[in-house]
Amino acid sequence: MNIVVCVKQTFDTEAKIVFDSQGRIDPNGVNLIVNPYDEFALEEGIRLKEKFGGTVTAVSMGGARAQEALRTALAMGADKALLVSDPALNDADEWVSTQALAQAISKIPYDIILAGRVAIDDGSSQVCVRLAEELHLPSVSTVVKFSVEGNKATAVREIDGGTETLEIELPVVLTAQKGINGNEPRYPSVAGIMKAKKKELKTMTLADLGLAALEPKMKISKYDLPTPRQAGKKVPGEPAAAAQELVKLLHEEAKVL
Amino acid sequence: MPKGIWIFVEQRDGQIRKSSFELLSEGRKLADQTGEPLVGVILGEGVESLVKVVAAQGADKVILVEDEKLKNYSTGAYTSALNQVIRKGEPQAFLMGNSAAGRDLAPRLAQRLGVGLASDCTGIEHDPEKFLVFKRPIYAGKAFAYTGTTVRPVVATIRPNTFAISSPDESRQVEVERETVTVDPADLKAIVKEMALATSKRPELVEADIIVSGGRGMKGPENFAILEQLADVIGAAVGASRAAVDSGWREQKFQVGQTGKTVSPTLYIACGISGAIQHLAGMGSSKFIVAINKDPEANIFNVASYGIVGDLFEVVPLLTEEFKKLVSA
Ligand SMILES: Cc1cc2nc3c(=O)[nH]c(=O)nc-3n(C[C@H](O)[C@H](O)[C@H](O)COP(=O)(O)OP(=O)(O)OC[C@H]3O[C@@H](n4cnc5c(N)ncnc54)[C@H](O)[C@@H]3O)c2cc1C
Ligand SMILES: Nc1ncnc2c1ncn2[C@@H]1O[C@H](COP(=O)(O)O)[C@@H](O)[C@H]1O
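Those sequence lines, one after another, are chains A and B. The working numbering applies: residue 350 is where the first sequence begins, and numbers increase by one. The working numbering applies: residue 36 is where the second sequence begins, and numbers increase by one.
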């Protein structure tokens, strides 16, 4: 079974957001990680390979530093990695990212394409579903359970207020919810890290993919920061008095009840 | 010339979702500002009775697409149908709630239309050049991006609880356009076999106006009963921190935070939650935050509108009693 996992490199969840002189978000000095949901996708991909055989290819689009994310994927157990990297992709929106990733992935054999349900940096929740559309494949979003039998798969996805079970024919695109199939992403072992150094990590530019520069559909005009929340009142007193006072404040001052 | 601000009216079992009411209300204001008509798009089967509800909420026109393949939501059939009505009617903007269905549907639809999508927005402004500019929280709410496009239509999903619901006007007249669509068999490759909805009388976490959440300080799954009792007095949903979820005390679907749900209620009551940055990422845009924590130095107090330093096992039941008095007064 051939599996492709889309891996995005994102800021660490603790990262502070700082702007550069042009008012853009500055990645310098920020600790970068594999998007947490993509780790779940990787874990699922590697387990599928362990069960059915085949290869796992990790694919990423990003700058040179994204190689680290792909090395992590290889150390976890992916077999090959492909980085799409091109200065022309610096202002990529989700449409541009999709075109680049779709073109790269279309050159790789696949039965299942796994991705995260959302990238925690842009919070878009778009690229992998767009990718499915671009490749004319069905997709299932926010998958919590997944199993394969022959060329058929069953996926349980989270919906508002419950779950939905779907039946799909492969190939399919799945976006992983945290804890898909109850699994935790594995830590790369020392042996895994050593082996990863010898695995194939290819880099391709837009020209290598046969693509010209792509004009994004969406343009960001400005970034800003939220006004920091102010610490409010600590309601003093014995628990009973404090509880009474708090309810009074919520009712009379905040007017929320 | 593209025309109109279109709202996807999301219905399930003939019930319109709360986020659609929010969008129709805000859409009415945008329509008045821009001079564009406001159009509600309803997909389903046997849902004609919803037309008057959508009209009362501010629509000038309703596009009604009824088909047995559209009875329940499915990515393929809904994309197919919306792609057809949008190509025909050429709206300026197509807006939907950032619900599970919205998140699933919007990217596929935008890709099929070859257009941009602003997802999970928390603000919309009229703009002379781009028509609409969307405010989006990025980096889990640690920054905002303002984004727009001249490509038509622009598609956007809006975070639930972003806009207030205006009071309905039953006297509004509305134009109804019935459309028939053909669903491409290629769009039916993923077949929904079963839908399992939790039978809870509590509101849905992401839609709830009030949320009571518990963290590691709850000490065990059984103790969430005191949060549920409090929640039921004030009609709240019950959430949890990742520590509580990873301990197996609450289901993953109740996790609030960077790797859980993003919520934006009017009131968020955090009990036994320290206020880690990843938790704040999911609830930092709540209007009011209340913290109950025995550690006066806990980070949650730095963002809380009101706090009580104390043992939650003592404070929460007392609060429940006080809320009961208030509700019955
Ligand atoms: C990649 C990544 C993603 C993450 N995503 C999320 C996420 O989505 N959501 C999330 O919540 N976390 C997330 N986290 C985890 C986060 O960093 C914290 O570990 C977590 O939020 C802590 O949960 P907590 O506040 O319940 O527990 P703790 O930090 O242990 O805090 C428990 C609090 O309870 C108080 N307490 C204890 N007993 C009582 C009592 N009797 N009465 C009153 N107060 C009491 C304590 O004083 C303490 O402040 C993520 C972490 C990482 C690395
Ligand atoms: N630049 C990228 N490279 C590789 N995968 C990506 C990239 N952008 C998005 N993805 C995949 O798409 C998912 C959703 O991303 P997003 O639409 O940005 O929220 C991520 O979890 C990744 O799996």
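In case anyone wonders, no lab produced these hints; they're calculated from the structure. Computed from a predicted model, the values in this text were never measured in an experiment. Hints are supplied without guarantee of correctness; some may be wrong.
Below, a list of computed lysine to aspartate or glutamate pairs in the EDC-like style, where the Cα atoms sit at most 20 Å apart [unchecked claim]:
1. K104/B with D162/B
2. K228/B with D95/B
3. K582/A with E332/B
4. K165/B with E363/A
5. K123/B with D162/B
6. K359/B with E564/A
7. K597/A with E349/B
Here are the in silico distance ranges between beta carbons for each label pair [unchecked claim]:
8. E214/B with D440/A: 57 to 63 Å
9. R213/B with V367/A: 35 to 41 Å
10. E214/B with A540/A: 36 to 42 Å
11. G541/A with R213/B: 47 to 53 Å
12. T234/B with G541/A: 40 to 46 Å
13. A199/B with T552/A: 18 to 24 Å
14. P458/A with E164/B: 43 to 49 Å
15. D361/A with E286/B: 50 to 56 Å
16. E164/B with S496/A: 47 to 53 Å
17. P256/B with D361/A: 43 to 49 Å
18. V362/B with A589/A: 16 to 22 Å
19. D330/B with K365/A: 21 to 27 Å
Positions of the beta carbon are idealized from the N, C-alpha and C atoms, including for glycine.
Check whether the Cα positions of K165/B and E363/A lie no farther apart than 20 Å.
34 Å, violated
Outcome for the supplied range 57 to 63 Å, where the beta carbon pair is E214/B and D440/A
Given about 37 Å between the Cβ atoms, the range is violated.
Consistency of beta-carbon spacing, R213/B to G541/A, with hint 47 to 53 Å
59 Å, violated
Determine whether the Cβ-Cβ distance between E214/B and A540/A falls within the hinted range of 36 to 42 Å.
60 Å, violated
P256/B and D361/A, beta-carbon distance inside 43 to 49 Å?
Violated: the Cβ-Cβ distance is about 31 Å, outside 43 to 49 Å.
Take a look at whether the Cβ-Cβ distance between D361/A and E286/B falls inside 50 to 56 Å.
27 Å, violated
Is the gap between the beta carbons of E164/B and S496/A within 47 to 53 Å?
50 Å, holds
Falls inside 16 to 22 Å, the C-beta gap from V362/B to A589/A?
18 Å, holds
Could you see if the CB distance from R213/B to V367/A stays within 35 to 41 Å?
53 Å, violated
Given the range 18 to 24 Å, decide if the beta-carbon distance of A199/B to T552/A lies inside it.
Distance hint for A199/B, T552/A is violated at roughly 49 Å.
Does the Cβ distance between P458/A and E164/B fall inside 43 to 49 Å?
45 Å, holds
Does the Cβ-Cβ separation between T234/B and G541/A fall within 40 to 46 Å?
44 Å, holds
The structure fails to meet hints 1, 2, 4, 5, 6, 8, 9, 10, 11, 13, 15 and 17 from the earlier list, while all remaining hints are met.
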